[in-house]
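Line order of the protein sequences matches chains B and W.
Heads up: the first sequence is residues 1 to 83, going by the numbering used here.
Heads up: the second sequence is residues 1001 to 1598, going by the numbering used here.
Worth flagging that the hints you see were computed from the coordinates, not collected in a lab.
Mixed in with the good hints there might be a few duds.
Think about it this way: if two alpha-carbon atoms lie no more than 25 Å apart in a straight line, the pair counts; the simulated DMTMM-like pairs of lysine to aspartate or glutamate are [to be verified]:
no., chain 1, residue 1, chain 2, residue 2
1, W, LYS1328, B, ASP79
2, B, LYS67, W, GLU1331
3, W, LYS1142, W, GLU1094
4, W, LYS1328, W, GLU1491
5, B, LYS37, W, GLU1375
6, W, LYS1142, B, ASP79
7, W, LYS1142, W, GLU1491
8, W, LYS1493, B, GLU78
9, W, LYS1515, B, ASP82
10, B, LYS67, W, GLU1491
11, W, LYS1029, W, ASP1096
12, W, LYS1171, W, ASP1185
13, W, LYS1029, W, ASP1420
14, W, LYS1328, B, ASP82
15, B, LYS67, W, ASP1499
16, W, LYS1493, B, ASP79
17, W, LYS1514, B, ASP79
18, B, LYS46, W, GLU1375
19, W, LYS1486, B, ASP11
20, W, LYS1417, W, GLU1331
21, W, LYS1142, W, GLU1413
22, W, LYS1514, B, ASP82
23, W, LYS1487, B, GLU78
24, W, LYS1407, B, GLU78
25, W, LYS1328, B, GLU78
26, W, LYS1028, W, ASP1042
27, W, LYS1493, B, ASP82
28, W, LYS1417, W, GLU1095
29, W, LYS1487, B, ASP79
30, W, LYS1142, B, ASP82
31, W, LYS1486, B, GLU78
32, W, LYS1025, W, ASP1096
33, W, LYS1514, W, GLU1143
34, W, LYS1142, B, GLU78
35, W, LYS1407, B, ASP11
36, W, LYS1142, W, ASP1096
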Amino acid sequence: MIVQVINFFRDRLPIVIRWCYVGLAALVAWDIAFVDKSHAHTAMEKLPGFWAIFGFVACVLIIIVSKWFGHQGIMTREDYYDD
Amino acid sequence: MTTEFWFHPSLILIIGAVLLPLVPKALKKAFLVAVPVLAFLDVLSMQGNNGTFGVVQFLDWSLIFGRVDALSMVFAYIMTLMCIIGTIYGLHVEEDFQHVAAWLYVAGSLGVIFCGDYLVLFLFWEVMAFSSVFLVWFRRRKESLAVGYRYLLVHTAGGLLLLAGMILRFKATGGDLSFGPIGVDNPQLYTYLIMAGFILNAAVPPLHAWLPDAYGEATVSGAVFMCAFTTKTAVYALARGFAGMEILVPLGVCMALYGVVYAVLENDSRRLLAYHIISQVGYMVAGVGIGTQLAINGACAHAFAHILYKGLLFMGCGAVLHMTGKSKFSELGGLYAKMPRTFIFTLIGGLSISAFPLFSGFVSKAMIVAAGFAEHNYWAAFLLTLASAGTFLHTGLKVPYFIWFGKNNCSQETMQKAADPPMNMQAAMIIASFLCIFIGCYTPYLYDMLPYPDVAANYHPYNQYHLSETLQILLFTALGFFLLIKKLAPEPKISLDLDWFYRMGGRGFLWLAKKPIQTADNWVSEAYRIIGLIPLMATARFWSWFDWHGIDGVVDGLARTVQGIGGQLRGLQNGQLQFNILYAMSLVAIVLVIFVFV
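The shape of chain B in the complex, shown without the other chains:
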């Protein structure tokens, strides 16, 4: 059953992706139009879509910085510690 559901979505991947983008846009629209920002901790959180930008930038930053760090000699061959 699980496999069938997964295959159902995999067979229609372009449509699924399109709906995901629609979902993301709807989320930001909801945040801008309806969400009560009185719980915000700082002023900049009141910028429209602040947390969406934060999440995306955080993800990109983490990947790029980590990979850069790893390629400075931290990542090495698997048998490095073997005699």
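Chain B is fixed; fit chain W onto it per the hints.
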């Protein structure tokens, strides 16, 4: 001390561990489930019955084995519960000593949770290290032995720091051994030493490298135990002694980020999860450092949730390893059709650790971040939020994607072997999955158990703003993941961490011992042999011959009997140090039981 009957849950596990090898095979599985269930029921029976129990007079001290209060109860509850789940997960393991080691390890953790003074704490602290190391050794790969010894040496060093701190404190306070808030406003050298002992077990960088090293190498079911107990016991110890210790905030934030960075680089699924333990424990350490009631609640709640979802994740990746023999992303992929249930369970673990709404992490992690914001510790709160994007990136997305989807790197053999694991493993994963969702959906279950339930009752994670914030962060992280997926493709590499220093340093020491020192030693021995030993041996041989044939033969044959017994004993000692440690540990456990309760 009250006169009420109180039975230490560790004792149930220790007695169970001692009896296990004697239980007939037909009853073994029932016994395996019954013992941790009994320990759990024992803990349940203590609820609402706070106080000090199990006080034992030893020399001049009153040792406290049973301090029951809200803080110890929440940890004891989840640890005994996890012991049940972990044991069910490992039910197919036929080797008794694997279960014995796991139970003694949990007994050590519970001993620390309930202890009221540093002496008992230290005793159980060491029991934990010396029993958990077997969970690595039982993997029985060529590397396992070395990894186990490294683990043991690091923990012994940590134990010594703790011991040094205890002794200094004992002297400075005029004989105070009690374990409680240590006085973080006026830290002394001993404060830092004890803290160093604790944070080594919590895997705070730079004292963290033992964790991915050992947990990546542990047995499939051993890792499920290891990921739950050592670090969370340390979090408990920190919450008990060091609430409000400011330096823990930056240390915790560094941990949270450090784990994320290494998780990007990691190719082995279980080592990736291990790095994420460091990251998640970072939240708890930071929470303890913030030290407000909300923050301590958050640290405990997160430890509670973490034990379950991290156990679940290790069970999922462990199931893949168990079935296929592989744990590296560069040797896996595309398994969803072969292991669909394992995928779903792991995904639930991944969504829980990522703090998705309706999953356990959402109601626990946010408490710590909220406490940071409430204390105007903005940089800490924002960096912890940043790390949570990283958590979703790896554990929620990278692990499921590169094992069950993505490019299929499986060999034909791996593909053939892949299937959902035995029923007992699935049952354990179902229980853990259920609890992860239950905690996320019904908050009073967890919140009522926290050390400050009133504060927890006033905290509402499901408000519109928090939901919107979390969903935006997580879903846009997912967007970033799929846009940059090529950059994240698994690379068959290892990442050097700070264990490099002692691994390579150890090699330097070995070279020094082998080459210059041993060569010099050989010269001296050779000279001694020629000048002193050869003539001496000749004389001795004569007297030995005379003694054996002349005296022993004539008198009573005593020497011959002793030689016979010696030959028998030699069979027990096959020279493998880990077996000697096992014998010694078992003996200590038995002596402990006799000493405390007889």
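Taking the numbered hints from earlier one at a time, note which ones the structure violates and give those numbers from smallest to largest.
No hint contradicted; all consistent.
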